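Asker: Given two chains presented individually in distinct reference frames, assemble the corresponding complex, making use of the accompanying hints.
Residue numbers (our numbering), protein chains in the order written: chain P, 1 to 102; chain F, 1 to 176.
If you are wondering where the hints come from, they were derived from the structure by calculation, not from laboratory data.
Just so we're clear, the structure is a prediction, and the values are computed from it rather than from any experiment.
A virtual CB, placed ideally from N, CA and C, is assigned to each residue, including glycine.
One or more of the hints may lead you astray.
[As the list claims (entries may be wrong)] The following label-pair restraints were derived from C-beta to C-beta distances:
| id | chain 1 | residue 1 | chain 2 | residue 2 | range |
| --- | --- | --- | --- | --- | --- |
| 1 | P | 87 | F | 100 | 32 to 40 Å |
| 2 | F | 123 | P | 90 | 48 to 56 Å |
| 3 | P | 57 | F | 16 | 31 to 39 Å |
| 4 | F | 133 | P | 4 | 30 to 38 Å |
| 5 | F | 137 | P | 95 | 39 to 47 Å |
| 6 | P | 95 | F | 113 | 43 to 51 Å |
| 7 | P | 98 | F | 112 | 38 to 46 Å |
| 8 | F | 23 | P | 101 | 27 to 35 Å |
| 9 | F | 4 | P | 87 | 47 to 55 Å |
| 10 | P | 95 | F | 114 | 36 to 44 Å |
| 11 | F | 104 | P | 87 | 34 to 42 Å |
| 12 | F | 114 | P | 87 | 46 to 54 Å |
[What the hints assert, rightly or not] What the simulated footprint calls covered on chain F by chain P, stretch by stretch (three residues with Cβ under 8 Å from a Cβ of chain P suffice, anywhere in the stretch; the number is not a length):
| id | stretch |
| --- | --- |
| 13 | 3-17 |
| 14 | 20-28 |
| 15 | 38-46 |
| 16 | 50-57 |
| 17 | 60-67 |
| 18 | 96-107 |
| 19 | 121-129 |
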Amino acid sequence: MNIGLPHFLTVSAALFSLGLFGVMARRNTVAILMGVELMLNASNLNFVAFSRYVQHGIDGQIMAAFVIVLAAAEAAVALAIVLALYRNYGSVHADTAQSLKR
Amino acid sequence: MIRDLVFVLLALLTVVPAVWVVFSKHIVHAGFALLFTLMGVAGLYAFLGADFLAVTQVMVYVGGVLVLILFTVMMTHVPAAGRRRHGLDRYVPPAVFAAAVFGVLYKVITAVDWRATEGPTRATTAEIGTQLMTNYIFPFEYVSLVLLAAMIGAAILIRERSHAGADEDENQEARP
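Excised from the complex, chain F in its bound form (with noise of 0.2 Å):
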C-alpha cells in the first residue's frame, strides 16, 4: 500500500514538471521543473533498486546538465519585446503528433504481455564496476574518448575568437 503511494508520488513528480517544462513560457521556470522531472526520475530509479544509477542521475543530471542549462539560459537572454507572438496553431501538428506516439506506446505496452517478475533487490555498484571493467571494457574506454572530444568540441564552439583570426574572417566570409 505504501509502496504504491510512493510510486504514484514519484510518477506525478516527474510528469507534471514535465509537463510545465514542455509548455512553460518562461525558460527558466521550464529549467526549474526540469529539476523536478529529474529529481523524480532518480526516484523511480532508486525504487527499482538501481541506487547508483540514482545517485549518479543527481550528480550528472543535476549538478552538471541542468547548471549547464540554466548558465547558458542567464548568458542568452532575449528580451520580451524580441518575442515574436505565434498563434496556437502552430502547436496542433506536433501535439496530434506526440499523442499519436503515446497512444501507440500505450497500447503497446498493455497489450504485451512481457512475463514480467520481480527481479532481486541488491547492491549494485559493485556488480556495476565490475562489469565495466570486464565485459563492458571496451565501451567504457570509448565513452572516455567521446567525452574528450565532447570537452575540445565545447571549447572550441565558445572560444572568443583571436583578433588577427577575427580580422581575416571578417575579410573573407560576409556576416548576416
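Looking at chain P on its own, in the form it has when it is part of the complex (with noise of 0.2 Å):
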C-alpha cells in the first residue's frame, strides 16, 4: 500500500460524513457543534492534502489557518448561544426554542 492522496481524501469523507450525521441527528445544541468541528475539520484535511499532493505549495496550508480561525470564533459565539439559550428555556435541546412558531 502506498499511501496517496486518495487515502486521506477517504478519511477526510469519513469525517465530514460522521459531521454531517452528527449535525442532523443530534438534538444537544453542544453535539451538533461537535458535529460541524469535524466537518470543518475533514475540510481542513482536504486542503491540506491537495496542498501537497497537488499545488506543491503553501496556499491550502494557509486557507486551513484561516479556517482554524473562523472555527474558533464560530465555537465562541455558538456556545455563548447555547448558554443563552439554557439561561432562557433551562435545555440545551435544539427543539426547545421555538418560541418564533407560536
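Answerer: The following block contains the structure:
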C-alpha cells in the first residue's frame, strides 16, 4: 500500500459524513456543534492534502489556518448562544427553542 | 512500511473516536472523544508535512475550542430525568443521507485521476508568515476583525442583564 492523496481524501470524507450525521441527528446543541467541528476538520484535511499532493505550495495550509481561526470564532459565539438558550429555556436541546412558532 | 502503519494508526485515531463523538449518549464522553479526533487530525497534518498547522491545531482546537465545549457542557447540565426517550427511527433519515454523501464522495475520490505527486517536505512556518504578510495581508486583517466581532458578540450574548434593564425587558416582552 502506497499512501497517497486518495487515502487522505477517504479519511476526510468519513469525517465529513460523520459530522453531517451528527448535525442532522443530534438534538443537543453542543453535540451539533461538535458535528460542525468534525466537518470543518474534514475540509481542513482536504485543503492540506491537496496542498501537498497537487499544488505543491503552501496556499492550502494558509487557507486551513484561516478555517481554524473562523472555527474558533464560530465556537465561541455558538457556545455563548447555547448558554443564552440554557438560561432562557432551561435546556440545551435544539427543539426547545421554538418561541417564534407560536 | 512503517509509514503505512503510522498512517493507518493516525486514520484510526481520527475516525474511530469521531464515531464515538456522533453516537455517544453522554455529551462529556463525546467531548473527550473529540479530543482524540482532533489530535488524530493534528497527526495527519504532521504526516502531510504541515508542521505549523499541526501545532496550531493542537493549540487552538484542543487548548481553546475543546475547553470551551467542555466548560459549556459543565455549565448546562441536563438531568437524566429531563431527557426524552426517542426511538431509533429518527436516526434513519440522517444515517441514510450521510451514507449517501459518503458513497458519492468515495466514488469521486476513486474515479478521478488526481495526478497526485508528493510535494517536497520542508519547514513551513517562515513561509506561512511571509505569505500572511504579503499575499494574504487583507484576509489576515479581515480575520482579525472577525475575531474582534466574535469576541464582542460572545461577551454581549452571555452577559448578565443589569437590574434596570431586566425590569424594562420583563415589562415589554412576555417570557416563555
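Asker: Which of the listed hints are broken here?
Answerer: none
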